[in-house]
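Following the hints, complete the assembly by docking chain B with the ligand onto the known chain A.
Going line by line, the protein sequences match chains A and B.
Those letters in the first sequence? Residues 0 to 292, per numbering that gives the first Met the number 0, in order.
Those letters in the second sequence? Residues 0 to 318, per numbering that gives the first Met the number 0, in order.
It is worth saying that the hints were derived from the structure and are not from the lab.
It should be emphasised that the depicted structure is a prediction, and the values quoted were computed from it without experimental measurement.
No false leads were mixed into what you were given.
Straight-line Cα separation of at most 27 Å, DSSO-like style, residue types lysine-lysine; simulated pairs:
id, chain 1, residue 1, chain 2, residue 2
1, B, Lys180, B, Lys267
2, B, Lys47, B, Lys74
3, B, Lys88, A, Lys49
4, B, Lys88, A, Lys273
5, B, Lys78, A, Lys273
6, B, Lys88, A, Lys34
7, A, Lys43, B, Lys88
8, A, Lys49, B, Lys78
9, B, Lys73, B, Lys47
10, A, Lys37, B, Lys88
11, B, Lys47, B, Lys63
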Amino acid sequence: MTDTDTNKPDQEEGNKGGLFTTLRSKVKSPSELNKELKETVLWKSIFRHKLDGSPRNRSLAVLSNVFLHLHPARINRDAVRYNFTWGMGGITFYLFVNLTLTGTLLMFYFHPSKGEAYRDIMFLQYDVPFGNLLRNMHRWGAHAMVITTWLHMVRVFMTGSYKPPREFNWNIGVLLLLFTMLLSFTGYLLPDDQLGFWAVTVGTNMARATPILGHEGPFGPELGFTAFNDVRFALLGGSVVDANALLRAYIWHCIAIPILASVLMIVHFWRVRKDGAISGPAPVMLESEAARK
Amino acid sequence: MSTQLPFLAEMDWHQVWYLISRPDNVPIVLLLILCPFYVWLAFREARKNDNLIAQLEADPELAKTHHRTTYPYKKGWPKTVQVWPHLLKREFLAMVIVTIILIIWSICLDAPLEDPANPNLTMNPSKAPWYFLGLQELLVYFDPWIAGVVLPSIILLGLMAIPYIDVNPRGNGYYTWKQRKFAIGTFLFGFLVMWVLLVIIGTFIRGPGWLWFNPGETWDHHRVDHQFNRDLHEFFGIEGTWPVFFFGLGFISICAGAIGGVTHACIKKMMPDMLKRMSFLQYQVTMQLWIMMMLVLVKIILRLTFVVKNVWVTPWFNV
Ligand code: HEM
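Looking at chain A on its own, in the form it has when it is part of the complex (with noise of 0.2 Å):
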């Protein structure tokens, strides 16, 4: 039966004028295809050069992608290598992505209040699909950003990139150190489990005795601290780890240091490429040449 079936159209294919052959004179093939696809106006729209491997076509693939125009369009021969940067800045900034995915993901089912909220994460964790896994990534994900700041770091330092002209964007990836630990630390207390609970206790116990602010600091006391008013008082929205506390690591955690963040990373890129790209690898200098300068 299939022999007949598929001996059919050869049979016709003498035929001049078959439907078989009209029809296949009308396809066309993938090449020709591509090829029209790319002179449509709606193609041309949304692409505004050939993708080809000319290097004036390759600079403007960078150049022209809002996403990739942070990248020059030509870049040090040996900048690229993985012996050198380690990759860590970028890897950083695509955990940063990541977590903002995940963690957009993870809103959807949180509600930041007593007793909602760690029913919320068993809720992830046994009912909802893939929520075990979002909320791993996004435990592990903040983790591995706290160490791949630290080693992107020390990079930096090793690589001197921080000497001029760069001082001040070594400045800005401080904060952002900061920032990424206090991401981290104010994503801790969101389960609200008592991991969660006593790590903010800790943490929050030392702003007691911060000197001057805090009611067990130095001079903290007699200038009127007490523990209901003070800088840890601030922080929690009460005197000790509870719903507003929760709520407060939350707007923290989900808005305002995420924010704050970003903006430094766009400093932080924007700071990268107008200094000359990155550092490296730079010619080295010999100590006659270091004597001059």
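Structure of chain B with the ligand alone, referenced to chain A:
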């Protein structure tokens, strides 16, 4: 094996496994692997560059024509490459690898979730997240206002000051050790010992009651601390508010002076051009930060060896 290394047989491997397999401790195990690896990598690159520098110093003619990196380069090769595809393909590869690692990690290991928060049931030990355990460990050695507020602020300000106090023009954009010994030595000491090591102690060594448990020692929740804390002046039998005040101040000043003096002498002898390049202010800030880091180390050692609680006792605060 265990006959040769008796202490291994005595170790409580359950305890060891419990500690390194706590889900939130796994990142530190990762850090324990990644830190040495990347430090090694940086020093490998530094050695290559240092060799090249030595070679070029010895041969000024070669230095004039050499491309001055350890990477392959031939005359006529362009000095730059196109970002697409040379950089973007690597970024893409890194993204794929990170994604795979993250997904496998997340499939294999569940994020921790303890019992619901209960203010009446104190966790023992209660620990901050691991990346703050260095600071929590400092609480053993200092009052909270120093460990939790002053020292972190100084760390941040110190980091921010680095580009403005390190005026050495060498090593800008390449790995080197020989051209930046002081800067790299200080930074790595600060990062690896004063930060990462304290994190590790805080995570793996500190048990219930924040007491010291050697690796493999069973966490005994009923252990009581019989150590007898004393302030430094008590070792010398000094009494009275003001004598004690001036004793502590004097002790710290002498330590600071000694550390500063020795460091200054070393710099003068070994790195005279560092002194020449720096302004008075730059040198002062560098020295103050360096001395402060060393004083923290002195306090840690005094505490761990002689169980000294405070070095400087005043009516308002203790250090
Ligand atoms: C959220 C954290 C951070 C992100 C996403 C980030 C991202 C990046 C990226 C993508 C680069 C390009 C080169 C590379 O990949 O190595 C870079 C360069 C740089 N980063 Fe960061 N960074 C962060 C934190 C830091 C920190 C903590 C420091 C230092 C304290 C720092 C200082 C610098 C400097 C000075 C450069 C220029 C390096 C050069 O020219 O070789 N950054 N950063």
